[in-house]
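Asks: Read off the chains here:
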Amino acid sequence: MMSRNALEWYFQRITGALLLVLLAAHFWVEHFMTAPLRRGDLTFAVIASRISNPAWQAIDIAFLIVALFHGLSGLRNIILDYGRLGKRAAGAMTAALISIGAVWAWWGIAAFRRL
Amino acid sequence: MRYSLRDALRKYRWQFSGMVAWTIQRVTGLLLLAYLFLHVHTVSRLSQGPAAFDRAMATFHSAFFKLLEIGLLGVVVLHASNGIRITLVDLGIGVGRQRHLFWIVTVGAGLLVFLAGAIPLFLFAIGKAG
Amino acid sequence: MECQVTLRVARHPAQDGKRFSEYRVSLEERMTVLDALFRAQREMDGSLGFRCSCRVGMCGSCAVNINRIPRLACTTLVRNLKSDVVTVEPLPHYQVVKDVAVSLAPFFEQWRRARPAFRPRNAGASTLALIGKDSRFRQLAPAKRDCITCGACYAACSITGMNPRYLGPAAINKAFLRLLDPRDAGGEDRLKILDRSLDGVWRCHTQFNCTAVCPRGIDLTDSIVRIKRALLRPGRLFPS
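Residue numbers (the working numbering), protein chains in the order written: chain A, 1 to 115; chain B, 1001 to 1130; chain C, 2001 to 2240.
Hints are computed from structural coordinates only; laboratory data are not their basis. Check the hints yourself; a few may be wrong.
Result set (DMTMM-like, lysine to aspartate or glutamate): computed pairs, CA atoms no more than 20 Å apart in a straight line [claimed, not checked]:
#, chain 1, residue 1, chain 2, residue 2
1, B, K1066, A, E30
2, C, K2133, C, D2184
3, A, K87, C, D2134
4, C, K2018, C, E2029
5, C, K2018, C, D2035
6, C, K2098, C, D2016
7, C, K2082, C, D2045
8, C, K2144, C, D2084
9, C, K2192, A, D81
10, C, K2144, B, D1054
11, A, K87, C, D2084
12, C, K2082, C, D2016
13, C, K2192, A, E30
14, B, K1066, B, D1054
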């Protein structure tokens, strides 16, 4: 059996590497690429035209999920570092973070439903 | 034994690069998680239709938010460049020369990428480019 | 060349309400911090408490915080500190016994938890085990087995400071040495402890504080990272 902790540690690195690529692309697209964006006019219409492409939708949703995993897993590690939790409390904390992540992801995904 | 804040700060050895890197990673990580919350909060306005969204976005057109945007880039780049350092260490690359790794990857590469992004952003912000 | 340094030594319990005592100590060539402490104790203040034994850097008794870095007092030359003020404090993360002498109890508590004792795979063997020149044990162990249990790494690590349950660098390094050893049979047991998410290797965030302070130059972080990688590919742990 592979260690679950090792797997989480490994995924933290994999998602980190993915975020590196996704964030570079995200910054480039949203902050540098198109003329209206450079002026800061990030309007509904501009986003709607990009999001209408299902590939972009998939990328954005994957981006959110990967970022949430990376961020909440990092938060979990910070909480564990303080060593105040027992085994059960740590399990409950992990479950709570997974639930928060699920709600958070749905919050973001639901933003696209009117586009 | 009771510690004062000064004692607590003294416990940490800021003269060690790895210690500084760890602190950077922790603080920037928490900042980015908080930012992700604000970001999803803003983006979720998309579901309220064009008018509401554009009104919300108008807030971010001030010079203050342009500066914050550059700060955000800085935080992202620091977390990313330091993350690369950590991953290299985890892969067993440069474990024996971690001081060099810190200065070259976290500080050096991070600063280069930050400047490459921040200068155009600054020029856009003051309207000299774009 | 005659010159003086100010030796600031932390006091516990406080002396006349002061947490530090200061001594002007004349500096001699190749004088160590331990020599300075002895000079202060013998010539100025007999109540000064510190611990030492071998005085040549091999017993690990005299580790203290010198100018805020855990080091052995007996191998740290005052001259090399390049400071007129030498501040000596007890190692952090331990209970102070007196002045700058601490109890290493938490350090050895974790040391015990890492199952440091050798458990022979073949106890009744009548022939000597052969360890190949190319084995991981032969390649890695020489640089890892020099630990003198001075407790400096445990004091330098900030994770042990906030999480007393964390095994700490020295205990993990000891377990790593045993894991490497093809003659040892306690691997599974040790890995179970090392893999714990609350207090095992996963609490290490490669700060390198332990490596930076180790008076024997052991790359402790490297040992911890190697165990993490090994836990990722079970069944192929340190083939000899």
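Asks: Taking the numbered hints from earlier one at a time, note which ones the structure violates and give those numbers from smallest to largest.
Replies: Structure breaks hints 3, 4, 5, 7, 8, 10, 11, 12 and 13.
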